[in-house]
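Chains A, B, C and D, in that order, are what the protein sequence lines are. For what it's worth, our numbering labels the leading residue of the first sequence as 43, then goes sequentially. For what it's worth, our numbering labels the leading residue of the second sequence as 43, then goes sequentially. For what it's worth, our numbering labels the leading residue of the third sequence as 2, then goes sequentially. For what it's worth, our numbering labels the leading residue of the fourth sequence as 2, then goes sequentially.
Incorrect hints may appear among the rest.
[Claimed, not checked] Calculated from the model, a selection of chain C residues having no Cβ within reach of chain A, i.e. all distances over 12 Å:
1. E183
2. R188
3. N298
4. R330
5. A340
[To be verified] Under 8 Å between C-beta atoms, here's a sample of chain B residues computed to sit facing chain D:
6. A88
7. G91
8. R93
9. A101
10. M114
11. S115
12. G116
13. M117
14. E134
15. A150
16. D208
17. T229
18. R236
19. V239
20. R241
No lab work stands behind these hints: they were computed from the structure. Predicted model, so just to flag it, every value in this text is computed and none were measured. Every residue, glycine too, gets a C-beta built ideally from N, C-alpha and C.
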Amino acid sequence: MGATTMAKALNAALADALADDERVLVFGEDVGKLGGVFRITDGLQARFGDRRCFDTPLAEAGIVGFAVGLAMSGMRPVVEMQFDAFAYPAFEQIASHVAKLRNRTRGALSVPMVIRVPYAGGIGGVEHHCDSSEAYYAHTPGLKVVTPATVDDAYSLLREAIADPDPVVFMEPKKLYFSSAEAELPTRTEPFGRAVVRRPGRDATLIAYGPAVPVALEAAEAAREEGWDLEVVDVRTIVPLDDATIAASVRRTGRCVVIQEAQGFAGVGAEIAARVQERCFHALHAPVLRVSGLDIPYPAPMLEHTHLPGVDRVLDTVARLQWDDRPDPRWLAQGSAA
Amino acid sequence: MGATTMAKALNAALADALADDERVLVFGEDVGKLGGVFRITDGLQARFGDRRCFDTPLAEAGIVGFAVGLAMSGMRPVVEMQFDAFAYPAFEQIASHVAKLRNRTRGALSVPMVIRVPYAGGIGGVEHHCDSSEAYYAHTPGLKVVTPATVDDAYSLLREAIADPDPVVFMEPKKLYFSSAEAELPTRTEPFGRAVVRRPGRDATLIAYGPAVPVALEAAEAAREEGWDLEVVDVRTIVPLDDATIAASVRRTGRCVVIQEAQGFAGVGAEIAARVQERCFHALHAPVLRVSGLDIPYPAPMLEHTHLPGVDRVLDTVARLQWDDRPDPRWLAQGSAA
Amino acid sequence: MTSTPQAVRRASPRTRPPAKKPTKAPARGQATTDPTAGLLPQTEPVRLLDPDGTPLPARADYPEPPAEALRELYRRMVVGRRFDTQATALTKQGRLAVYPSSRGQEACQVGAVLAVRDTDWVFPTYRESMALVSRGIDPVEVLTLLRGDWHCGYDPAQRHTAPQCTPLATQCVHAAGLAYGEAHQGRDTVALAFIGDGATSEGDFHEGINFAAVFKAPVVFFVQNNKYAISVPLSRQTAAPSLAYKGVGYGVPSEQVDGNDPVAVLAVLARAVEHARAGQGPFLVEAHTYRMEPHTNADDATRYRDGAEVDTWRDRDPIARLETYLRTREVLDDAAIAAIAEQAEAYAADLRERMHIQPEVDPLSLFDHVYAEPTPQLVEQRELVRAELTADRESEGNG
Amino acid sequence: MTSTPQAVRRASPRTRPPAKKPTKAPARGQATTDPTAGLLPQTEPVRLLDPDGTPLPARADYPEPPAEALRELYRRMVVGRRFDTQATALTKQGRLAVYPSSRGQEACQVGAVLAVRDTDWVFPTYRESMALVSRGIDPVEVLTLLRGDWHCGYDPAQRHTAPQCTPLATQCVHAAGLAYGEAHQGRDTVALAFIGDGATSEGDFHEGINFAAVFKAPVVFFVQNNKYAISVPLSRQTAAPSLAYKGVGYGVPSEQVDGNDPVAVLAVLARAVEHARAGQGPFLVEAHTYRMEPHTNADDATRYRDGAEVDTWRDRDPIARLETYLRTREVLDDAAIAAIAEQAEAYAADLRERMHIQPEVDPLSLFDHVYAEPTPQLVEQRELVRAELTADRESEGNG
Ligand SMILES: Cc1ncc(C[n+]2csc(CCOP(=O)(O)OP(=O)(O)O)c2C)c(N)n1
Ligand SMILES: Cc1ncc(C[n+]2csc(CCOP(=O)(O)OP(=O)(O)O)c2C)c(N)n1
Ligand SMILES: [Mg+2]
Ligand SMILES: [Mg+2]
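So here's chain A without its partners, still in its complex pose (with noise of 0.2 Å):
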């Protein structure tokens, strides 16, 4: 048992995946020798040979029909997209046939393959290379969302995502690329469509997945001096999503905000929160409020603490949670205005 990282752990998971199963290939820019730009591919066109992992020519949609194509000859295809925006140009083969080909063939033709997508930001990056784009993939019937937010999710959630039968969108949180702890790997963490609670708290759930999570109980923390005993649900499987243990949470709570980095505007926490009220309405002591990403495309370096929802701007959120059991004072000049 030692420290490992994010990035350490995903690696083992490719090469275990790699030894145990020959139908599995691993493909896309840079991941050969470079072993990837961030270096989840290491080694492993060393270790399993440049048949089994290779580079490609440069071109999303090439790889993810390429893929696709390998998957309908039986094979296990893992690609990567080196960043979240440069996964665009596979928009295409992602929506209109991955997502597809198993519906379209009665399940006589299914195409597990597991795309891979470094997202978010956070690492001081560059435009293009920050884009919080899972929204549009759980948009998408058909496709499975999976996002860690821990080392031992990272390598069983990307061990089950290459054994599963359905193609799953991995979006690998960017800045928990080098966040460490002790796991014993391999390891087995629940299975897709489980939420797990991270922290227990009796006063309000906080809901969020991928790079959100180490905000959410870094805040809960932060909250206990407050004197709010919060409780964090990491939902880690984006599709399918486990509605069951968050209003679980929620109904215990009463009080809830989702969090997540994106841009707010019809994201997968839009999604959350629609579907807390609809099913804890009554549980509610406060509407379910949500805090994200700006509307704005992701900026660069030295703005980029103001876009992304942190500490403060969850608890500002969480103080707003009518705590007096009075109105929110924020909406009620917008109601009379109307």
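Given chain A, work out where chains B, C and D with the ligands should sit, using these hints.
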């Protein structure tokens, strides 16, 4: 004054824009001699010549990227994507350039353009021809997303879109192309950013946009028989969204159902539901409920009526608005199971 | 239709040793140090029969396929055309949502599938219904999507035939991946990717042929240049001398062929398939042909092309051309032709009949194949639909 | 740096009547009926200087640019390289988030921008910082995005220079649209689109050059083939004889040039620009060069290439090559060279100094340019951020 179809209104808007502003160019696949597969550009090439309205190579990223360059040179491109799912190849151009160029250049470059997308179903189309893709654009900061539900709005919003300094994704509900209404063109309706109450009512608010608006109106009509007086709000512009009108309506009625044709998960309806409960929590007698398409690939003609949210599904949902002020039994089982 | 075509056996590397390097003769006598050697197409489309059916002088690069193969080619073209006209008729009777006809393109549709084996994979577009029935797939299955059902009808894995692809050019990349995957697993499968002239403008065509070239994947890219993409003429798709000139930019040998000359199509495709199967990488073939019908039954072709142009191409009918030739060669006579025509009629009658039976489609099947197992959200939605259906039935019962 | 380059004036159609048809001599004596005539590149990259700076025999197709242009080319290359090494140094000091160096590619970076006018549009990638400063744009503006600010620094409309483009190949389509729009409005603007070898594999390269060809838009596509896309060698991008062979597939005349021969780069680009400006449509140029530094300062090139390879290219240094030649021609002497080196030092010193001043960036400016006017939602979010900032200031005041 006479009956006009939405298709004719859109055609008239394009013609008037071409006549009024020589910077306007209309191009895309089959928009020239053919007049577009839905005939929205019918007669434009004949009237304005093939320098103003022309066919391009068959490549959607090319079409949108070409429009970006044209906008940089001072033109006002209006491009047609032939069908919803065929805009996906242009997704990178739209998300990484069209949406961001103004911001990236502090306004020195703007790319005013209209990307017309015939969308949604109800026309017996085969797969890939009926996607509801509005959420992908609505989730992308920097784009305006507009969708008319009436003949007047079709004309007026399209004119406004062409005149707007920002890029507008103009979503045209296919099934309404041949809906007709009395209309005197040119006409000017409420500007971008204004939702409109299409039918006043006291008991609950139905919020809808695009192809769901006629469904909402029909449902409201039918609901009279059940003794419900429903208000119908037509969102019109998804981005920017008119929070004020929406919230004011729900505060008046105390109950709300959001209707969209798209698959529900992480769609625009989720955003609206989340916002409504945030802003109207204390006015709500029941959770904000949603009616949407199923979370499946758009099905082929034989089954589209099962997928599409119709009057019955809306009324069933209205019935669940806890008229007796008792919790919805539906979610209770799940709560206890968890 | 039989399912092991003659042409395939003939082109097989098992019966013919694979050439060690690109077998194509260098065009125009270029020196072998010419970097384009073996990559550029011949300046004129390969043609083995004159439009009137007169054979042209035999050529070494494209030997004529054996008579048996040509007879079978003819038979399938006749049946294929009859299938096609029947499908168009079914749209008028509301039995099909839409049908993209390939009338006029019979030489391409049938010649291409005759050039591959049953174990090879075909990647068709929406236009290839005729090719698929020629490949032996049940016509009702082929028309499943087009009649409004939610799936592609046939079993692609069993038929080695991808679902008919609508998002243009996307299938080119699938073909590259499939072909590479098959080779990776030690199988000598060839992938045959159909694509239209218009679709070559899409980025996915570029990426697909490039992946195939870089990975030396055994793919034959077969462009049916039927001169239009719906209403848009070829001149709006490319300024290249011809689409076959795209190959050299990927290091892919290319050829152009008279797409209304069935003999030439079969000969050129057979060679392309042989090249791919021999491990020499992809091959690009452009067939010059013409779409006699509108884009689909819903299209109005009079808006963008005139009848005179269509008439010119009527004179180059591929079936008549082959018929004349095979009569001359005495491979076919009146009796044989009549017998084939009768087969075609029977085929159409059977199709007509079976298409008049409306398929039973269970609405709840919508949830069966979105994922291997439905998500909890889909299970909820299935219950919702089930309840709606029950309510509908009840209200019908009461109404 | 001056902003009206000599080379541009020389290549202008105002001083030289435009040729009536593609001016390129048919390669390898092909007959004029050859459909590839004027479209294929020469088999060997055009070279006017030997790697050691010795001039090669003069040639009719690519006459040598005038001495004044070459002197200016040299000056800008020296300043450009000094800028580049300074920028790399700034990354080490944490003044730049990241910097993609173009050291070794000076002939391409400078030669290309010298070939166009100030009113022509340039479409750079992230690699073209040197090209942009050579174009006269303030280096601090050029480095704005890379130092971590949220916008591209310079005013693209005023500079006729698009923001440095990161999503690979996407700028190719913009260049086509811009060039077409300019021509549509009666202006004789040329668009110069930079692109790397790796990025030619993207669909947008295909679509961009195809749109330009079909619309005869005056674009010069300039591929700097520096042999790597980050770690991926050219052999993984294409199986073509060379990237310049892609042109013929679009009907676009193409040329390849020794990208470390500054004289040849300027000569070939000048001709390509002339071709475009004369209304003959786009032109594709591939320059064979080499990226001496890692992909960016964050990259570790030792993982994928060895020092010996880099050393080979060190011997082909474009600046030394031009310097030797211009000394031989007595265009440059020790004094002139020293003066230019001094200019370069002063340029770097000024840059260093100005980059050490941390820019003031107002967080609220994040909302200013998402739309022409912020939406109500953005106004709300701006108020949220304003309140957060106020609270931060207050707690800092109290803390
Ligand atoms: C990505 C994409 N864009 C647009 C369409 C709509 N569309 C269907 S067929 C067609 C024309 C295709 O022409 P071509 O490739 O020449 O093939 P043909 O129909 O002539 O066989 C178009 C534009 C589509 N199916 N996919
Ligand atoms: C669409 C897209 N995919 C991936 C990337 C990540 N990326 C940035 S530079 C680069 C390599 C580009 O190589 P090349 O085109 O040869 O240009 P060079 O960097 O050598 O100048 C990659 C993969 C990107 N910027 N955009
Ligand atoms: Mg065609
Ligand atoms: Mg490169």
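Checked hints:
1. E183: Violated: least Cβ distance 5 Å, not greater than 12 Å.
2. R188: violated, 8 Å
3. N298: Nearest chain A Cβ is 22 Å from N298 of chain C, so the label holds.
4. R330: Holds, since 40 Å exceeds 12 Å.
5. A340: holds, 35 Å
6. A88: violated, 19 Å
7. G91: violated, 12 Å
8. R93: holds, 7 Å
9. A101: holds, 4 Å
10. M114: The hint holds - M114 of chain B has a Cβ within 8 Å of chain D, the shortest such distance being about 5 Å.
11. S115: Cβ of S115 of chain B sits 3 Å from chain D, so the hint holds.
12. G116: Status holds, d = 7 Å.
13. M117: This hint holds: M117 of chain B lies near chain D, its Cβ roughly 5 Å from the closest one there, short of 8 Å.
14. E134: Holds: closest Cβ of chain D sits about 6 Å from E134 of chain B, inside 8 Å.
15. A150: holds, 4 Å
16. D208: Holds: closest Cβ of chain D sits about 5 Å from D208 of chain B, inside 8 Å.
17. T229: This hint is violated: T229 of chain B lies away from chain D, its Cβ roughly 24 Å from the closest one there, beyond 8 Å.
18. R236: violated, 11 Å
19. V239: Cβ of V239 of chain B sits 18 Å from chain D, so the hint is violated.
20. R241: violated, 24 Å
Checked against the numbered hints given earlier, the structure breaks hints 1, 2, 6, 7, 17, 18, 19 and 20 and satisfies all the rest.
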